[in-house]
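Student: Each chain, letter by letter, is given below.
2 protein chains.
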Amino acid sequence: MAVNRGEFIQALREREAKLVELINRDQYRRSFNPEELREAVYSYLNRPAKRLRPGILLFSCGAVGGDEQRALSAAAAVEVYHTWTLVHDDIIDNDSKRRGFPTLHEQFRGNALNEGYSEGEAADYGRNMAILAGDLQHAWSMQLIWESINSGVSSAVVLDLLARLTNLTKGLLEGEALDVLFSKRKIDDLKEMEILKMLELKTGILYEFAGIVGASIGLDRTIDENNLIQAIGSFARKCGVAFQLQDDILGITGDEKRLGKPIGSDIREGKRTVIVLHAFQQADDKDRDYLLKWLGNPAVSGEKIEKIKQMLIEYNGVEYAKKMADQIVNEAIEELAPIPESQYKNLLLAWADYVADRQV
Amino acid sequence: MAVNRGEFIQALREREAKLVELINRDQYRRSFNPEELREAVYSYLNRPAKRLRPGILLFSCGAVGGDEQRALSAAAAVEVYHTWTLVHDDIIDNDSKRRGFPTLHEQFRGNALNEGYSEGEAADYGRNMAILAGDLQHAWSMQLIWESINSGVSSAVVLDLLARLTNLTKGLLEGEALDVLFSKRKIDDLKEMEILKMLELKTGILYEFAGIVGASIGLDRTIDENNLIQAIGSFARKCGVAFQLQDDILGITGDEKRLGKPIGSDIREGKRTVIVLHAFQQADDKDRDYLLKWLGNPAVSGEKIEKIKQMLIEYNGVEYAKKMADQIVNEAIEELAPIPESQYKNLLLAWADYVADRQV
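Those protein sequences? They're chains B and P, same order as listed.
In terms of my numbering, the numbers along the first sequence are unbroken and rise by one, the last being 360.
In terms of my numbering, the numbers along the second sequence are unbroken and rise by one, the last being 1360.
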């Protein structure tokens, strides 16, 4: 029986409760000291969030016939892993908001100002706590994968997943670095393939990892030993890329309150997206000059941001990205063909549907 | 036959050559992309350095009768691990020099300025590349421990060492965070025990890890299975703490060129050391006020730094720290009692001697 959006969200919420309980256990909380750093480690983790990556991991475990409970520690691992990349990414992007609250470096900068630090000291303190908290979460995510052993997952599988975790980091940070470097290149110097590669590295491969981990634990087999694992991994990677394309669309057309970040920030930062590239290629000379001048210009006004938004829509950048996302989701769904029918498979399909038509 | 200082240094140099060859292998170099990030990952690693941690790891492997060659990947792991903590620590401390060259964030800030970035953009770029490079080295160090499997180390030992790596990070970053927090507390609010705990966390436990990894691999046993492993670990931890005490002494009395960092920077930063605390406790009211006013004051002049140096010496801060270091080294040497005599044990003892009387 197909799973509708409400049921999909409900299924995520049920997993979230277990996940939040696990990561807040005393054995973990007490391992982060001093108290300021513990607060920093838990800040994003205890904010409201969709918990898609751990959800996909658990559904993937179930979809191959595995017991979700055995994958819970690994599910926490991908959430914690995702969080450290957010914490460091927010420093890198100088972002001020995350999940509707101040980014971690901003939160601790604020704490320091309240304690009477000077502006410069407070900014350093905020940045420093965020660097350290991200580093700790990185190490903790490894621990949580490791602890799958305690739920009966074999050493061979755990070792395989730990090796994948390292490769994931190399790919993901390559994506981060490309993002930093692309933002300094002129938009017309970039190729669509480069942007898509960056999306795959920044977002796709972490979802792929979540799918592989869930299916590997579900089967207690490494990826080479059962072809369902790679199938679910590819499905998840493709949905992840489509998810990111939609993210870029929502960055232009979305609702500020629901997204929890200011609309226009992508334009102000000059984010290199498929939308921007396509619109730029379609634009007339005058509008190209306008885009070149104002995309990524910190001095861009609210009025100009609105004008750029209209250009990105009118030159079909948004529509183009939407079509691309839909096509990728369709390819993703095909990957699931070898997976036997089950309610878990329906949850994965509901995710694909959610990605293709996401509002937040 | 006892090993003299020259022979000890020579033994380190021989290991360094193998280490540098290993970390620069194509299989690793090619895994770091884009090129800018690869350059960042290798920057500190290919600078001249003492390579004490990997050296101690390899000597510990030999001292329990193991084959050093099997521990080479793990030795590279501790060097890479140490490096990521330096890269992030240098951002945190706003340091400008490391191993005689610009710190990583400064190096890439300089690159960006040369390419015409604005001051603000260049500083962000330098910081961002350093954050990402440290994150990559962190992941890579895990990979290198993992790859000990390829030299025949058992899965059980590798899994044990990977779990220790996570705990190491939690302890080490607790030390980092305490350092950040202590620097904001008044010197007379701190206790000597707190400073010593910070030294143990920031420096001691990584040396302990090196000793444990080397001995575990040498015996292909986990720490619970053979008591020599903990003995070497404790030896290495204690020498590490003494090493750091000496570092603080050299930060006051050392030679700028040989250390590769500006003398007086510890005073300018208000670094909380046993030296400073002891001198402060011994000082008269006038000198206390002077120390409170100028330690950690960015406006402190070269003349005032010189005056503070003299105070730290005259109030016996330096001598006190030196005595403490000597005592800790003696305790360390006692830990080695159960280790059978060998040239490897002599190398470990030569290290203890080197720590007790270090010049650089």
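Take these hints with a grain of salt, some might be off.
[As the list claims (entries may be wrong)] Here are the simulated lysine to any residue pairs, SDA-like style, with alpha carbons at most 25 Å apart: (1) Lys345(B) <-> Glu39(B); (2) Lys186(B) <-> Gln281(B); (3) Lys1197(P) <-> Glu39(B); (4) Lys197(B) <-> Lys1293(P); (5) Lys271(B) <-> Glu1035(P); (6) Lys286(B) <-> Ala299(B); (7) Lys184(B) <-> Ser1118(P); (8) Lys1097(P) <-> Gly116(B); (9) Lys184(B) <-> Lys1186(P); (10) Lys1293(P) <-> Glu115(B); (11) Lys186(B) <-> Gly1116(P); (12) Lys184(B) <-> Asp1188(P); (13) Lys197(B) <-> Asp1326(P); (14) Lys271(B) <-> Lys1197(P); (15) Lys1186(P) <-> Ala11(B); (16) Lys1271(P) <-> Ser154(B); (17) Lys271(B) <-> Glu1115(P); (18) Lys1293(P) <-> Gly116(B); (19) Lys1271(P) <-> Leu1349(P).
No wet-lab data here; the hints were simulated from the structure.
This structure is a prediction, so every number in the text was calculated from the model and none was measured.
Student: So, for every hint listed, does it hold in this structure?
Tutor: Cross-check of the supplied hints:
no. : hint                      : in the structure
1   : Lys345(B) <-> Glu39(B)    : violated, 37 Å
2   : Lys186(B) <-> Gln281(B)   : holds, 13 Å
3   : Lys1197(P) <-> Glu39(B)   : holds, 21 Å
4   : Lys197(B) <-> Lys1293(P)  : violated, 54 Å
5   : Lys271(B) <-> Glu1035(P)  : holds, 21 Å
6   : Lys286(B) <-> Ala299(B)   : holds, 20 Å
7   : Lys184(B) <-> Ser1118(P)  : holds, 12 Å
8   : Lys1097(P) <-> Gly116(B)  : violated, 29 Å
9   : Lys184(B) <-> Lys1186(P)  : violated, 43 Å
10  : Lys1293(P) <-> Glu115(B)  : holds, 19 Å
11  : Lys186(B) <-> Gly1116(P)  : holds, 14 Å
12  : Lys184(B) <-> Asp1188(P)  : violated, 48 Å
13  : Lys197(B) <-> Asp1326(P)  : violated, 56 Å
14  : Lys271(B) <-> Lys1197(P)  : violated, 45 Å
15  : Lys1186(P) <-> Ala11(B)   : violated, 51 Å
16  : Lys1271(P) <-> Ser154(B)  : violated, 47 Å
17  : Lys271(B) <-> Glu1115(P)  : holds, 20 Å
18  : Lys1293(P) <-> Gly116(B)  : holds, 17 Å
19  : Lys1271(P) <-> Leu1349(P) : violated, 30 Å
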